[in-house]
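Peer 1: No gaps in the numbering here: position 201 of the sequence shown is 200 in numbering that gives the first Met the number 0, and each next residue is one more.
Worth flagging that the hints you see were computed from the coordinates, not collected in a lab.
Keep in mind the model is a prediction, meaning the values are calculated, not measured.
Any given hint might turn out to be false.
[What the hints assert, rightly or not] For lysine to aspartate or glutamate, the following EDC-like pairs were computed, each having C-alpha atoms within a straight-line distance of at most 20 Å:
(1) 217 - 62
(2) 115 - 137
(3) 163 - 227
(4) 163 - 62
(5) 163 - 177
(6) 217 - 228
(7) 142 - 62
(8) 120 - 228
(9) 140 - 62
(10) 80 - 227
(11) 217 - 137
(12) 115 - 227
(13) 142 - 228
(14) 217 - 227
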Amino acid sequence: MTISGKIRTGAGTRRGVALSVAGLMAAPAIVLGTGTSAQAASCTAAKGPYQIQVERNLGLTADGRQSTADCKAIRSYQVAKGITPAIGYAGPVTWRTMKTIAAQKAAGKNPNAAKKCPTNKGRIACVDLTRQLTWIQDGSKLKFGPVPVRTGRNGAETRTGARKIYWRSINHWSTLYDVRMPYAQFFDGGQAFHSVTKSMYNNPGSAGCVNMRPADAKSYWNLLKNGDDVFVYGRKPGT
């Protein structure tokens, strides 16, 4: 039995991308740094539509004008979070990532405060697409998490609803995408929890699976089993 990481695909169009691409088409570039190519990087001189918000989030002078220092700080943030293209442009993807991370931090150790994930199922893995978070609870008691995830991109969204883990493959290989999917736990067709080495904030997202950091995916593997409940709700920002 061979199951690939995603069996439903869609073309879709990404909301918000047109704005950032349009802004980048005519954006003049400046070069920051000297020395090796690793130290030098192209950086846009154009301000983005979320310039003030991004500047404020990074503790910069929120004047809405792109400076060399602003671009360098924004680009550094983009590189750290796996946001592409990392050229210091304060576009919708960067601002959306900042808001998502703020919502994740606000969840603290009470991610189910709104009671959107069922508490009458016993052990259950909850996935909140809106905040890009997952956790395991037993009734109303938090057992693991919450931890950040990377879910389906626009046109290949992670499907919502109540599901159950039905197949586990610790060293799974996706024949559809020709990639490794360590600690894969399938719960909805070809959609599964599994480990990736990418940043959880790397845009535009997965092909539908719930991507996890290696240590988190391993913990899920050790805590869950076939037949355990999974509940996915919300809507991923940008889809």
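Peer 1: It remains to establish, for every hint, whether it holds in the given structure.
Peer 2: Verification of the supplied hints:
{"no.": "1", "hint": "217 - 62", "verdict": "44 Å, violated"}
{"no.": "2", "hint": "115 - 137", "verdict": "14 Å, holds"}
{"no.": "3", "hint": "163 - 227", "verdict": "5 Å, holds"}
{"no.": "4", "hint": "163 - 62", "verdict": "50 Å, violated"}
{"no.": "5", "hint": "163 - 177", "verdict": "25 Å, violated"}
{"no.": "6", "hint": "217 - 228", "verdict": "18 Å, holds"}
{"no.": "7", "hint": "142 - 62", "verdict": "44 Å, violated"}
{"no.": "8", "hint": "120 - 228", "verdict": "7 Å, holds"}
{"no.": "9", "hint": "140 - 62", "verdict": "45 Å, violated"}
{"no.": "10", "hint": "80 - 227", "verdict": "32 Å, violated"}
{"no.": "11", "hint": "217 - 137", "verdict": "19 Å, holds"}
{"no.": "12", "hint": "115 - 227", "verdict": "18 Å, holds"}
{"no.": "13", "hint": "142 - 228", "verdict": "14 Å, holds"}
{"no.": "14", "hint": "217 - 227", "verdict": "16 Å, holds"}
Going down the numbered hints, you'll see the structure goes against 1, 4, 5, 7, 9 and 10, while the others check out.
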